[in-house]
Amino acid sequence: MIPTLEVDKVRITFGGITAVDDVSFDLSGQELVALIGPNGAGKTALLNSISGIYRPSSGEVRLEGRSLNGVPVHKIATGGVGRAFQHAELFAGLTVVDNLMVGRHRQLKGSLLSMAVRVGPYLRREVAQRAVVEEVIDFFELEQVRNRPVSSLPFGVQKLVGVARALCMEPRVLLLDEPSSGLTRQEKEDFARFMLRIRHDRGLPMLWVEHDMQMVMDLAERIVVLDHGVKIADGAPDAVAENPAVRTAYLGVDDTEMTRAGSPG
Amino acid sequence: MQSPPVLRGRSRRWRRSPYLRTDYRRELALFPYSGPRLAVIAVTVLLVAAYPFLADAYWLGVINLAVIAAIGALGLQIVTGMAGQLSLGHAAFLAVGGFFAAGLYLHLGLPLWIAGPAAMLAGATVGAIAGLPALRIRGFYLGITTLAVQYVIIAIGLKYQGYLQTSFGTSGSLSLPIPDLGLFTLTSTMDWYYFLVVLTGVVILAVTNLKRSALGRSLLAVRQRELAAEALGVNVARVKITAFALSGALGGLAGALSAYYYRGVGIEDFDLLLSVEYLAMIIVGGLGSILGAVLGAVFVIATPLLVGQLIAVLGLEGVLSQHLRAIELAVFALTMIGFLLFEPDGLAGVWQRLKTYVTRWPFKYTAMSTQAKR
Ligand SMILES: Nc1ncnc2c1ncn2[C@@H]1O[C@H](COP(=O)(O)OP(=O)(O)OP(=O)(O)O)[C@@H](O)[C@H]1O
Ligand SMILES: [Mg+2]
Numbered sequence: 001m002i003p004t005l006e007v008d009k010v011r012i013t014f015g016g017i018t019a020v021d022d023v024s025f026d027l028s029g030q031e032l033v034a035l036i037g038p039n040g041a042g043k044t045a046l047l048n049s050i051s052g053i054y055r056p057s058s059g060e061v062r063l064e065g066r067s068l069n070g071v072p073v074h075k076i077a078t079g080g081v082g083r084a085f086q087h088a089e090l091f092a093g094l095t096v097v098d099n100l101m102v103g104r105h106r107q108l109k110g111s112l113l114s115m116a117v118r119v120g121p122y123l124r125r126e127v128a129q130r131a132v133v134e135e136v137i138d139f140f141e142l143e144q145v146r147n148r149p150v151s152s153l154p155f156g157v158q159k160l161v162g163v164a165r166a167l168c169m170e171p172r173v174l175l176l177d178e179p180s181s182g183l184t185r186q187e188k189e190d191f192a193r194f195m196l197r198i199r200h201d202r203g204l205p206m207l208w209v210e211h212d213m214q215m216v217m218d219l220a221e222r223i224v225v226l227d228h229g230v231k232i233a234d235g236a237p238d239a240v241a242e243n244p245a246v247r248t249a250y251l252g253v254d255d256t257e258m259t260r261a262g263s264p265g
Numbered sequence: 001m002q003s004p005p006v007l008r009g010r011s012r013r014w015r016r017s018p019y020l021r022t023d024y025r026r027e028l029a030l031f032p033y034s035g036p037r038l039a040v041i042a043v044t045v046l047l048v049a050a051y052p053f054l055a056d057a058y059w060l061g062v063i064n065l066a067v068i069a070a071i072g073a074l075g076l077q078i079v080t081g082m083a084g085q086l087s088l089g090h091a092a093f094l095a096v097g098g099f100f101a102a103g104l105y106l107h108l109g110l111p112l113w114i115a116g117p118a119a120m121l122a123g124a125t126v127g128a129i130a131g132l133p134a135l136r137i138r139g140f141y142l143g144i145t146t147l148a149v150q151y152v153i154i155a156i157g158l159k160y161q162g163y164l165q166t167s168f169g170t171s172g173s174l175s176l177p178i179p180d181l182g183l184f185t186l187t188s189t190m191d192w193y194y195f196l197v198v199l200t201g202v203v204i205l206a207v208t209n210l211k212r213s214a215l216g217r218s219l220l221a222v223r224q225r226e227l228a229a230e231a232l233g234v235n236v237a238r239v240k241i242t243a244f245a246l247s248g249a250l251g252g253l254a255g256a257l258s259a260y261y262y263r264g265v266g267i268e269d270f271d272l273l274l275s276v277e278y279l280a281m282i283i284v285g286g287l288g289s290i291l292g293a294v295l296g297a298v299f300v301i302a303t304p305l306l307v308g309q310l311i312a313v314l315g316l317e318g319v320l321s322q323h324l325r326a327i328e329l330a331v332f333a334l335t336m337i338g339f340l341l342f343e344p345d346g347l348a349g350v351w352q353r354l355k356t357y358v359t360r361w362p363f364k365y366t367a368m369s370t371q372a373k374r
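Protein sequence lines, in the order shown, are assigned to chains A and B. So in UniProt numbering, the last one in the first sequence is 265, and the numbering has no gaps at all. So in UniProt numbering, the last one in the second sequence is 374, and the numbering has no gaps at all.
No wet-lab data here; the hints were simulated from the structure. Heads up, some of the hints might be wrong.
As the list claims (entries may be wrong) - Selected chain A positions facing chain B (in silico; Cβ < 10 angstroms):
no.	residue
1	G52
2	E60
3	A116
Said to hold, decoys possible - So the derived label-pair ranges between C-beta atoms look like this:
no.	chain 1	residue 1	chain 2	residue 2	range
4	A	A92	B	L46	36 to 44 angstroms
5	B	I178	A	G70	52 to 60 angstroms
6	A	I2	B	L38	54 to 62 angstroms
7	A	N39	B	L334	48 to 56 angstroms
8	B	L205	A	V127	15 to 23 angstroms
9	B	L272	A	S111	51 to 59 angstroms
10	B	I178	A	S152	36 to 44 angstroms
11	B	L38	A	G29	21 to 29 angstroms
12	A	G16	B	F31	57 to 65 angstroms
13	B	D180	A	V117	21 to 29 angstroms
14	B	R360	A	G16	29 to 37 angstroms
Since this is a predicted model, take the numbers as computed values, not measurements. Just so you know, even glycine gets a beta-carbon here, dropped at the ideal spot from N, CA and C.
Turn these sequences into a full structure, and let the hints guide you.
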């Protein structure tokens, strides 16, 4: 069976700096894989190379066996890579519903004329996609704020909307960049529940960048550890926690308390 | 279980609670049922219809010009207000539209009802080309390239006028007849008024629908966060080019209309100041707002004339006549600065606040708007 997502010897360089150095791993089935590492380890850069925002200087990313090298960012997205950003990156000024509707962009094709007149097939499509978006709103319990401009929402809710928006794309694989950073303990617990429900309802693999080691140990089925752009460990949570290289990377922190290396980023 | 009788049956449709919506089609309606809203619409329609009988010929003409400008301003609003792509050369699209309409008449004898759509197409083409740099550069630098497009168009226009002078012996600028729309002609200012008001109504409706469709959302998404939009599957390049093309199409239409309205067109009219005035319209009106584009157009067109009239009424013509243009420009500049400093949401923002105040009255709190602006 071909894995859903394969990262194959990906290297990303900026000028002289190597942000990601020959990293390989893959995701399949409904795996929940945590990607961890200290600040600046190259986690976001790696996600960007999967989304096509950064281009690997060598190596390639494959989605269901097809190489993503040279594929435009928006095609990678419509091809099945859903992405929630580290800083939410919502469209300020649009409401929650409209932000999520952007996630349904692919299903809302139509000519300019059909959109300007807004009758017939286009209107039916808009109504149908609105119904899909409402399901996601239900799922994430965002009913209260659906018509609020996202910029008026607290940061925790914004992050949730970012994840909801990615899920609206009906992706084959979901990339989550620190979805829980900046959330309160309570919100984090809610978020953990959402992650488990996403996996249960949608059954899709997720690559989840996370700094909260307690959450990672509780939820992840597998952990990939990056340090200075190099993959230093890949395996089950317990094995990774025992790994001496990982412990050195999270210097001075023993594995029972490997909560956080560095400041929230 | 049966649903309660209120929810069933078409006959009860108009007696249902306006707040109970049972499907998304009703939720997405442009004019959801609401007493005050219907009243505002009715009063607006009535006022617009009665205006020619309330105003004198001069002010009727002013509104005609403002309404033509509103079409052009809506074009700029799409590309700069909604998609966030700075366009400093909007006058170029008006020039293309005006010259296309005049040229089609001069060379082929084609009437306005053919020349209008043709001018839109020409404007859209030039718009799409002018938008190409937006794929690589943004912000101020993009503004400069659009300005360059305007100068290219002016240069072409001058060449064309020179060619006409030598080979046709005309006076340089092109003249046009009373417009023939197939079914009727636009002879009087009042004919023009009703024609323009209906046409602008159609344009406003079309742009409103576009704004709340997938394209409109991606325009706003591109303005806010280009990369996130792209990572959500929005083809950003296509969206930008579409925005510029739409802007060119509406600019072209406004250009063709004003050429016919003035019964002539000359390239001298399409200078940098005109582009700046269009930019002023959408800033004064409120960036991104459709209502704002219309209000801004009326404001920018009418204010200088209002100042002129005021001076005349005060009997100061003798003293100030030499400085009239300077005074108009000063008023224009001051209102621009005022809006930029104190009311970034423009006239549309003022209207929104007024509306909130009235609907919340007698409560005074200005809660964070729970509904997004339409
Ligand atoms: N666009 C860029 N240009 C230059 N260097 C970059 C760029 N993006 C990332 N880097 C560098 O690549 C390295 C990895 O950064 P990255 O953002 O991927 O880290 P991260 O693991 O996501 O860290 P954090 O936990 O703080 O989010 C850093 O040294 C960073 O400075
Ligand atoms: Mg990061």
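Going down the list of hints, with the structure as the test:
The beta carbon of A/G52 comes within 8 angstroms of a beta carbon in chain B, closer than 10 angstroms, and the hint placing it at the interface holds. Using the Cβ-Cβ criterion of 10 angstroms, the hint placing A/E60 at the interface with chain B is not satisfied: the shortest such distance is roughly 19 angstroms. Using the Cβ-Cβ criterion of 10 angstroms, the hint placing A/A116 at the interface with chain B is satisfied: the shortest such distance is roughly 4 angstroms. Checked against the given bound of 36 to 44 angstroms, the beta carbons of A/A92 and B/L46, roughly 38 angstroms apart, stay inside it.
Separation of B/I178 from A/G70 is about 57 angstroms and conforms to the stated range, judged on CB atoms against 52 to 60 angstroms. For the pair A/I2 and B/L38, the beta carbons lie near 58 angstroms from each other, so the given range of 54 to 62 angstroms is met. Range check, A/N39 to B/L334: about 50 angstroms between beta-carbon atoms, so the 48 to 56 angstroms window is met. Separation of B/L205 from A/V127 is about 19 angstroms and conforms to the stated range, judged on CB atoms against 15 to 23 angstroms.
Range check, B/L272 to A/S111: about 35 angstroms between beta-carbon atoms, so the 51 to 59 angstroms window is missed. Checking the proposed 36 to 44 angstroms range against B/I178 and A/S152 shows it is violated: the Cβ atoms sit about 53 angstroms from each other. For B/L38 paired with A/G29, a C-beta distance near 55 angstroms fails the hint of 21 to 29 angstroms. Evaluation of the 57 to 65 angstroms hint for A/G16 and B/F31 yields a pass: the beta carbon distance comes to about 60 angstroms.
Checked against the hint of 21 to 29 angstroms, the pair B/D180 and A/V117 passes, with Cβ atoms roughly 27 angstroms apart. The given range of 29 to 37 angstroms is broken by B/R360 and A/G16, whose C-beta atoms sit roughly 59 angstroms from each other.
Violated hints, in rising order: 2, 9, 10, 11 and 14; the structure is consistent with all others.
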